[in-house]
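Listed in order, the protein sequences are those of chains A and B.
Following the numbering used here, the numbering of the first sequence begins with 1 at its first residue and continues without gaps.
Following the numbering used here, the numbering of the second sequence begins with 1 at its first residue and continues without gaps.
If you are wondering where the hints come from, they were derived from the structure by calculation, not from laboratory data.
For clarity, every value in this text was computed on a predicted model and none was experimentally measured.
Do not rely on the hints blindly, as some may be mistaken.
[What the hints assert, rightly or not] Covered by chain B, according to a simulated footprint, are these stretches of chain A (three or more residues, beta-carbon under 8 Å):
{"hint": "1", "region": "38-51"}
{"hint": "2", "region": "332-344"}
[As the list claims (entries may be wrong)] Cβ-to-Cβ under 7 Å is the rule here; a few derived chain B residues that face chain A:
{"hint": "3", "residue": "Asp-8"}
{"hint": "4", "residue": "Thr-16"}
{"hint": "5", "residue": "Val-38"}
{"hint": "6", "residue": "Asn-40"}
{"hint": "7", "residue": "Glu-52"}
{"hint": "8", "residue": "Arg-108"}
{"hint": "9", "residue": "Phe-138"}
{"hint": "10", "residue": "Leu-146"}
{"hint": "11", "residue": "Ile-174"}
{"hint": "12", "residue": "Trp-175"}
{"hint": "13", "residue": "Leu-252"}
All C-beta atoms in this analysis are idealised placements derived from N, C-alpha and C, irrespective of residue type, glycine included.
2 protein chains.
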Amino acid sequence: MGDTAVGDTGTTMPLTVRMRRSPFWARSHAAGAKGYIVYNNMLLATNFASPEEDYRHLKAAVQVWDVGCERQIEIAGPDAARLVQMSTPRDLAKLRDDQCFYIPTVDRDGGMTNDPVLLRVDEDRYWISIASSDLMLFYKGIAAALNLDVSIREPDVAPLAIQGPKADDLARRIWGDQVLDIRFFRHRRVDVNGTAMILARSGYSVQGGYELYFEGIDGGDVLWDQLMEAGRDLDVRAGSPCLAERVEAGLLSYLSDITRDMTPFEAGLGRMCDIDRDTGCLGLAALRARRAPQRQVRPVEIAGEPLPPQGTFWPVTAGERPVGRISSSARAYDFGVNASIGLIDRSHWDPGTALTVHTSAGPREGIVKERFWGRKA
Amino acid sequence: MGDTAVGDTGTTMPLTVRMRRSPFWARSHAAGAKGYIVYNNMLLATNFASPEEDYRHLKAAVQVWDVGCERQIEIAGPDAARLVQMSTPRDLAKLRDDQCFYIPTVDRDGGMTNDPVLLRVDEDRYWISIASSDLMLFYKGIAAALNLDVSIREPDVAPLAIQGPKADDLARRIWGDQVLDIRFFRHRRVDVNGTAMILARSGYSVQGGYELYFEGIDGGDVLWDQLMEAGRDLDVRAGSPCLAERVEAGLLSYLSDITRDMTPFEAGLGRMCDIDRDTGCLGLAALRARRAPQRQVRPVEIAGEPLPPQGTFWPVTAGERPVGRISSSARAYDFGVNASIGLIDRSHWDPGTALTVHTSAGPREGIVKERFWGRKA
Numbered sequence: 001m002g003d004t005a006v007g008d009t010g011t012t013m014p015l016t017v018r019m020r021r022s023p024f025w026a027r028s029h030a031a032g033a034k035g036y037i038v039y040n041n042m043l044l045a046t047n048f049a050s051p052e053e054d055y056r057h058l059k060a061a062v063q064v065w066d067v068g069c070e071r072q073i074e075i076a077g078p079d080a081a082r083l084v085q086m087s088t089p090r091d092l093a094k095l096r097d098d099q100c101f102y103i104p105t106v107d108r109d110g111g112m113t114n115d116p117v118l119l120r121v122d123e124d125r126y127w128i129s130i131a132s133s134d135l136m137l138f139y140k141g142i143a144a145a146l147n148l149d150v151s152i153r154e155p156d157v158a159p160l161a162i163q164g165p166k167a168d169d170l171a172r173r174i175w176g177d178q179v180l181d182i183r184f185f186r187h188r189r190v191d192v193n194g195t196a197m198i199l200a201r202s203g204y205s206v207q208g209g210y211e212l213y214f215e216g217i218d219g220g221d222v223l224w225d226q227l228m229e230a231g232r233d234l235d236v237r238a239g240s241p242c243l244a245e246r247v248e249a250g251l252l253s254y255l256s257d258i259t260r261d262m263t264p265f266e267a268g269l270g271r272m273c274d275i276d277r278d279t280g281c282l283g284l285a286a287l288r289a290r291r292a293p294q295r296q297v298r299p300v301e302i303a304g305e306p307l308p309p310q311g312t313f314w315p316v317t318a319g320e321r322p323v324g325r326i327s328s329s330a331r332a333y334d335f336g337v338n339a340s341i342g343l344i345d346r347s348h349w350d351p352g353t354a355l356t357v358h359t360s361a362g363p364r365e366g367i368v369k370e371r372f373w374g375r376k377a
Numbered sequence: 001m002g003d004t005a006v007g008d009t010g011t012t013m014p015l016t017v018r019m020r021r022s023p024f025w026a027r028s029h030a031a032g033a034k035g036y037i038v039y040n041n042m043l044l045a046t047n048f049a050s051p052e053e054d055y056r057h058l059k060a061a062v063q064v065w066d067v068g069c070e071r072q073i074e075i076a077g078p079d080a081a082r083l084v085q086m087s088t089p090r091d092l093a094k095l096r097d098d099q100c101f102y103i104p105t106v107d108r109d110g111g112m113t114n115d116p117v118l119l120r121v122d123e124d125r126y127w128i129s130i131a132s133s134d135l136m137l138f139y140k141g142i143a144a145a146l147n148l149d150v151s152i153r154e155p156d157v158a159p160l161a162i163q164g165p166k167a168d169d170l171a172r173r174i175w176g177d178q179v180l181d182i183r184f185f186r187h188r189r190v191d192v193n194g195t196a197m198i199l200a201r202s203g204y205s206v207q208g209g210y211e212l213y214f215e216g217i218d219g220g221d222v223l224w225d226q227l228m229e230a231g232r233d234l235d236v237r238a239g240s241p242c243l244a245e246r247v248e249a250g251l252l253s254y255l256s257d258i259t260r261d262m263t264p265f266e267a268g269l270g271r272m273c274d275i276d277r278d279t280g281c282l283g284l285a286a287l288r289a290r291r292a293p294q295r296q297v298r299p300v301e302i303a304g305e306p307l308p309p310q311g312t313f314w315p316v317t318a319g320e321r322p323v324g325r326i327s328s329s330a331r332a333y334d335f336g337v338n339a340s341i342g343l344i345d346r347s348h349w350d351p352g353t354a355l356t357v358h359t360s361a362g363p364r365e366g367i368v369k370e371r372f373w374g375r376k377a
């Protein structure tokens with residue numbers, strides 16, 4: 001609804017009681033965050049130097065990101081596994097103890113309610129690291145309705161990401177060579193100033209790196225300073241999820257590229273949907289009926305000069321006919337193109353199809369691509 | 001978590017795809033909103049002229065507020081009433097057809113999940129006008145778990161508030177004398193440029209006025225302009241919920257004054273809890289066990305000069321002993337005091353009790369008051 005071409009409101013981002021801050025926020029802010037979005041009622045930095053400089057640095061060195069806005073839901077108790085399974089079509093029987101499980105979550109219509117990462121942190125105890133929606137309320141509703149034997153709460157846990165090609169070097173200096181044994185999307189406990197915490201090889205970039213599930217409300221500043229000190233010669237810097245890097249790599253963002261009316265199939269997450277087995281997912285019947293999507297996420301290259309920051313969906317047409325929308329876009333500096341993430345109708349989603357993208361800077365030619373530009377991890 | 005004394009981040013508030021804008025946003029923004037908070041992934045203006053000028057104008061004239069961030073949940077179908085009742089201890093049998101029903105909503109522990117306003121807009125069709133949480137996911141969880149015969153969706157409805165002592169005058173010029181027949185927290189349908197829409201005598205101030213449940217995504221600008229034109233000699237202005245006015249009147253804000261660990265009894269909403277009848281509310285057993293709160297919302301006057309904007313809870317102590325927190329505070333200009341909303345332990349909640357409030361400007365004396373300062377509607 002509404003429409004605007006401007007990239008910001010021209011007003012300042014306030015700090016309010018309703019806005020939770022992570023144990024790393026003060027350090028990250030002091031390091032010079034130049035902008036924020038509000039994500040799960042927390043602050044997520046947008047950039048530090050400039051979009052291009054942050055991008056180039058992320059792809060050359062190592063950054064530390066306050067991603068405490070990836071808030072955690074802890075579900076514990078005898079019915080915990082059953083409850084989590086009800087929310088996702090991905091078969092939890094496949095979840096290994098040390099695995100980070102990316103799970104599309106759905107309602108009974110098959111619409112996506114979130115796209116979190118699930119960890120089993122203990123027997124009958126799970127953490128769900130959420131994208132931007134109050135997914136906890138979905139679990140609370142089910143648990144109350146069915147009188148499940150679980151507790152559901154938000155633990156004092158805040159993810160800290162270490163991302164970039166030199167992330168291994170930095171992590172080794174803090175936790176030793178054991179970090180190299182952690183495979184992609186696996187985790188193990190490491191010592192953080194006297195407390196064993198979960199370190200995962202994961203993160204919202206394709207440059208490689210880790211996410212530490214920091215526990216507690218104190219000591220975030222101490223750890224932050226240790227990382228900055230240990231990585232000085234690696235040119236470690238404060239950073240944040242990088243729009244250009246994630247768009248060129250096709251990393252989706254919930255509420256932008258994935259909306260709650262979309263199925264995982266439409267989001268291109270069909271490989272996460274084990275719908276032929278009766279897992280107990282409450283959206284199973286709907287997903288079976290909707291398994292052949294009529295629209296799907298596609299990489300779209302937009303011709304011409306760099307575009308202004310995107311503040312609304314940009315409509316996509318073929319001639320006069322609406323055939324989709326662009327949900328995220330950015331200059332992919334390393335590739336010299338305007339990369340974007342589109343949701344495109346089946347009739348026009350084949351690679352090579354020429355479309356018109358109605359950007360805030362006017363109509364531009366768009367081309368559906370075979371694959372995203374950045375390397376996938 | 002974290003700690004800061006500053007009132008804003010020093011960065012600008014961006015506009016992003018993930019941020020929904022109401023049909024009134026462009027007009028409200030053009031009228032000069034000087035700041036925003038993000039509320040339900042929408043923009044809510046904080047002030048237009050200055051906090052004091054907005055306050056004095058609201059109490060003297062009439063303002064039009066874009067409160068589209070009070071997003072709607074529509075629950076429709078044969079099981080709709082049953083589903084809504086599961087979420088709240090307030091007895092829906094008491095809901096009149098033309099009534100706006102303020103309902104604390106709770107999880108099965110009795111913790112508050114939201115504090116919305118419920119309308120029955122039709123037989124078996126309800127709108128829930130939410131405060132800041134994705135309450136829809138709670139309903140979706142229950143409906144999926146119990147296979148209820150309901151549909152749950154967000155309709156294209158955006159509330160527009162008309163608030164202030166001259167709101168009656170302005171509303172009469174648009175909709176005629178029928179508006180005077182609408183009693184407090186009641187509603188009726190009025191014609192809005194050819195469409196019948198719900199007009200309620202309600203709003204997030206105690207100055208009197210209306211909320212129009214505007215339907216559709218187009219035409220918001222036309223209605224806005226009509227209101228501004230019709231109210232020119234009433235000094236109508238764009239406005240927004242006024243911190244000072246709501247704090248002095250004791251209007252609570254979800255995620256600040258009400259947090260999800262609090263029961264309605266702790267929030268001072270016991271009169272909304274019909275817990276002696278088996279309504280079907282899923283939090284009933286917990287609320288019965290927690291009916292005698294050990295802490296509760298109280299007005300607290302904070303001594304001394306005006307205080308800086310509050311960015312975190314301010315701890316409250318008696319001597320060294322922690323006895324509560326201040327969640328909202330503002331200069332109550334008409335009363336010449338620093339008004340605040342506290343959550344105070346039973347041991348220290350009696351009127352006249354002297355406390356210490358640890359503000360970001362240092363410790364100050366606080367006094368528990370008998371009642372809030374502003375008149376309640």
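Chain A contact restraint on Asp-8/B - CB to CB distance below 7 Å: holds, 4 Å
Restraint check, 7 Å cut-off on beta carbons, for Leu-146/B near chain A: Interface hint status for Leu-146/B: holds (5 Å vs cutoff 7 Å).
Using the nearest Cβ pair, does Leu-252/B come within less than 7 Å of chain A? violated, 12 Å
Tell me if Val-38/B is really an interface residue toward chain A, meaning its C-beta lies closer than 7 Å to one of theirs. Hint holds; Val-38/B Cβ to chain A Cβ min 4 Å, cut 7 Å.
Given a cut of 7 Å on the nearest C-beta pair, is the interface hint for Asn-40/B held or broken against chain A? violated, 10 Å
Go check the region 38-51 of chain A versus chain B for me, would you? Three or more residues, Cβ under 8 Å, otherwise it fails. holds (count 4)
Let's test the interface hint: is any C-beta of chain A closer than 7 Å to that of Arg-108/B? At about 4 Å, which falls below the 7 Å cut-off, the nearest Cβ of chain A leaves the hint on Arg-108/B intact, so it holds.
Tell me if Thr-16/B is really an interface residue toward chain A, meaning its C-beta lies closer than 7 Å to one of theirs. holds, 6 Å
If you take the shortest Cβ to Cβ gap from Phe-138/B to chain A, is it below 7 Å? The hint holds - Phe-138/B has a Cβ within 7 Å of chain A, the shortest such distance being about 4 Å.
Supplied contact hint for Trp-175/B, tested at 7 Å Cβ to chain A: At 24 Å from the nearest chain A Cβ, Trp-175/B fails the 7 Å test, so the hint is violated.
8 Å C-beta test of the region 332-344 of chain A against chain B, three or more residues: Not satisfied, violated; 0 residues make the cut.
Status of the Glu-52/B interface restraint (C-beta, 7 Å, chain A): Since chain A brings no Cβ nearer than about 17 Å to Glu-52/B, farther than 7 Å, the hint is violated.
Hints 2, 6, 7, 11, 12 and 13 from the earlier list are contradicted by this structure; the remaining hints agree with it.
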